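Asks: Residues per chain are reported as follows:
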Amino acid sequence: SAVISQKPSRDICQRGTSLTIQCQVDSQVTMMFWYRQQPGQSLTLIATANQGSEATYESGFVIDKFPISRPNLTFSTLTVSNMSPEDSSIYLCSVVVGKETQYFGPGTRLLVL
Amino acid sequence: QKEVEQNSGPLSVPEGAIASLNCTYSDRGSQSFFWYRQYSGKSPELIMSIYSNGDKEDGRFTAQLNKASQYVSLLIRDSQPSDSATYLCAVKEDTGRRALTFGSGTRLQVQP
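Residue numbers (our numbering), protein chains in the order written: chain A, 1 to 113; chain B, 1001 to 1112.
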């Protein structure tokens, strides 16, 4: 498996502001993903964070709203831009270890007022 | 994107009983299947993976896969109150998409 940390663990933000979430892994991983889990819902994939190139976004998610960086194989950031209350959610970083098993970070709990 | 379906529950079982959690998937080409457990306020935790038809046992957990019926299940024997959580089924689809597709989860309640 892998040890994954996320910062911040939680935050309360004002409408219209932006928050950057960091994900750090204790080993180099090829595949890294960002998910969102809205209250009472399952996991929705936002994007695949690609090292050295632009992230690959899923339908319904755009780079202007969720810019992602991945400068190396152990670190990534997700920014939630121009936030609204609808962005209140848990944001999860996930990595693939081995062939295809995914492990999740502890998550960032975001509340937008 | 294909679908992964789970009954949302809650599934309530008495302590010591067998809990049976079910999942169906639509992508017939899927080859890899996973069960995650998620406690309230926590992130998903991998319980088991299964790749071949049949049963796979790990302690009190047994995963069952039937690719012909596009069905995967998780049995929890001797259920404990600490097993109370949401169980997420996840599938690696045969679409080239590297991320897993998750079901909506089944909430399990084990009554002491």
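FYI, nobody ran anything at the bench for these hints, they're computed from the structure. Honestly, I wouldn't trust all of these hints.
[Unchecked claim] Label pairs and their computed distance ranges (CB to CB):
hint, chain 1, residue 1, chain 2, residue 2, range
1, B, Ala1068, A, Asp11, 19 to 29 angstroms
2, B, Ser1104, A, Arg10, 34 to 44 angstroms
3, A, Asp64, B, Arg1077, 42 to 52 angstroms
4, A, Asp11, B, Ser1026, 33 to 43 angstroms
5, B, Ser1020, A, Gln41, 15 to 25 angstroms
6, B, Leu1011, A, Ser81, 24 to 34 angstroms
7, B, Ser1026, A, Phe61, 34 to 44 angstroms
8, A, Ser18, B, Gly1059, 39 to 49 angstroms
9, A, Lys7, B, Tyr1039, 16 to 26 angstroms
[Claimed, not checked] List time: in silico BS3-like cross-link candidates among lysine-lysine, alpha-carbon distance up to 25 angstroms:
hint, chain 1, residue 1, chain 2, residue 2
10, A, Lys7, B, Lys1042
11, B, Lys1067, A, Lys99
12, A, Lys99, B, Lys1056
13, B, Lys1056, B, Lys1067
[Claimed, not checked] Chain B side only, calculated, beta carbon under 8 angstroms to chain A, not exhaustive:
hint, residue
14, Ser1043
15, Pro1044
16, Leu1046
17, Ile1047
18, Met1048
19, Ser1049
20, Lys1092
21, Gly1096
22, Gly1105
Fair warning: this is a prediction, and the values are worked out from it, not measured in the lab. Where a beta carbon is used, it is the ideal one built from N, C-alpha and C, also for glycine.
Asks: Which hint numbers doesn't this structure obey?
Replies: Checked against the structure, the hints that fail are numbers 1, 2, 6, 7, 17, 18, 21, while the rest are satisfied.
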